[in-house]
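Q: Read off the chains here:
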Amino acid sequence: MRYFLHRFLQATFLLVGVSLLTFLFSALAPGNYFDEMRLNPQISPETVAALRAQYQLDRPMPVRYVRWVNSLLHGEMGYSFAYNSPVAPLLWVRARNTLLLTVIATLMAWALALPLGIWSATTLGRLPDRALSGVTAALLVIPDLVLALGLLILAVRTGWFPTGGMVSVGYEDLAPLQKLRDIALHMALPMIALVLSALPLLVRHIRAAIAEVLSTPFLRAAASHGIQRRTLLYRYALRAAANPLISLFGLSMGGLLSGSLIIEVVMSWPGLGPLLLEAILARDLYVVIGGVLCSTIFLVVGNLVADVLLYLADPRIRTEVTAR
Amino acid sequence: MIQHSNWKRWLIALAVLHGIVAFAGFFAPYDPTEQDRERPYLPPMRIHLMDAQGHFHLRPFSYAEHLRSGSFDQFEENTDQAIPLEFFVTGARYRLFGFLPLRMHLFGAPANRIYLLGSDAYGRDQFSRILYGGQISLLAGLLGAGLTLFFGTLIGATAGYYGGWRDGLLMRVAELFVALPWLYLLFALRAFLPLAVSPLQAFFLIITVIGAVGWARPARLVRGVVLSAKERDFVRAARGFGATDGYLLRRHILPETSSVILTQAAILVPQFVLAEMTLSFLGLGVPEPVPSWGSLLASLQQYSVLVSSWWMYAPALAIVPFFLVYLGLASALQQDAGTGKIEKTTGGT
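Residue numbers (my numbering), protein chains in the order written: chain A, 1 to 324; chain B, 1 to 349.
Chain A with its partners taken away, still in its complex shape (with noise of 0.2 Å):
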């Protein structure tokens, strides 16, 4: 218990790091919102000056930030001037988008990449393997934007997908299974590109991590004895390897975060990248604060779960807690 109220203490303190960070940013900036709003005719300056002291702007940052964390607490995370509501709602519409997606396709990059890794860490050095080194390293070498642009090029032109957006025209009449359908459509485009962009990477590590474990003495020997190999393989090695397999999911999920962020731009799913786009072209504080916060909170929580699998994993890490 002691291990998960460390690890929570650590992630709260990330927390308040990054929205001071992001705070530190904020006020260092020159110009804002209402900035523009100066430059036209029609308001008056004592307007924009009001305006300013509504939200507060032209009080000092440490003000500032208590009030934010005070409007966090009360499950606002402060007003969007653009949208002219709190940022909470906007954020959640846009968190769950970005959720969606990227819980599904880290889970189908995974569901690919562990019998890649383990086809290739079996295989080593022959063909299988040579084969899927060859793809994974073709596919690290092109970044998420040009994947996703040549894949958006690639849908337009043979229409096998939908792009752009989330939903049809039309939506609304769907009956449910068909709403699904449609966003299920919608979803694959941006996913594909998702997984894609997360592959190569888990195929590497998954294969060195099972090829290590399978040349120690212990597979060996169970090799000898004769135990199948699947059992084998998903087993022991597997079980064997999962250590440093777990914290990578809990670090991969920052590469997913950042890799979903501009495939959202380009096929405009509309997640938080989007938002978080539109709010720095407006200058819209706040909700750039809680997009790079919200993303954070995601990271956390994915660390969290990964601390949680690994303890449920690997009994050295409980007897090492219940000994301290």
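There is no bait here: all hints are sound.
Among the chain B residues that face chain A by a calculated CB cut under 10 Å, a handful are:
| id | residue |
| --- | --- |
| 1 | Val-173 |
| 2 | Val-178 |
| 3 | Trp-182 |
| 4 | Leu-185 |
| 5 | Leu-186 |
| 6 | Ala-188 |
| 7 | Leu-189 |
| 8 | Val-273 |
| 9 | Gly-294 |
| 10 | Leu-317 |
| 11 | Pro-321 |
| 12 | Phe-323 |
| 13 | Leu-324 |
Just so you know, the hints here were simulated from the structure itself, not pulled from any lab data. These figures come from a predicted structure and were not determined experimentally. Note that beta-carbon positions come from the ideal geometry of N, C-alpha and C, so glycine has one too.
Using the hints provided, position chain B relative to the given structure of chain A.
A: Quick look at chain B alone, frame taken from chain A:
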């Protein structure tokens, strides 16, 4: 299995690729901002050796393109009007490396404009723009990596060498930076900087932003090396002889970090080139009319371009060989360093 000097081959490939971009003025037939409003979104011209009558020509040539009759945007080859390709021609003025005024180009066609990779919305030559765009993108990547490594080394060496509260503080902040999703951090930083700026300002702004975001990872690696290096016998001996901190760091400790820094450079440069591309693609980077690989791709955000002008995707493919070579160099360097581990760039790209 792998030869010791493997990285040298990658380095040569790297030099060749960068050389092509550095000599963009020579390899590109036209100025990247020169417009031809008569021919927007012209598809890539085909280079022929065989003419319409089936005769063979030694000198490669193209056919002039004109609008298909009854169409506003479809071009077709005019087989009556051949454009012979000429080499080492005198054409548009340019400044090599920014100062050497020259007019010599590798190829060109004095009679007519030639579009190897088609043209963009303003009839600017896509091929020339990709070459010039590479200068901006690669320079941003290189300078950004230089800045990052400078700060990373400085901070990592300070933390590792002096230890104590400096180490604690710096490494906590580094953890913060490493923990954040990289692209989000980049965006956040860019968000609070001015939006409407001149190309030159934007360029330096981006380098600063990129450099400020990435320092944490190299700093942690350098710290690790410094920590082990300062306990080495020869360092202790030097200190015993009365060497100052500055001398020890400069002469004995920092040279130990060189292989880590080199490997990091090979990893960071392509990552930062991509960062510049991403920012420019989204309109947060170097603005028009200056080409960069990212802003060249921005037109693909329009549906009509996506559907009908596939050659606008060409800049995206230009980055792939650079990525390939940098990644190859990074893994060769790592193998040389004897770590033998598989390359790890989590949190990046």
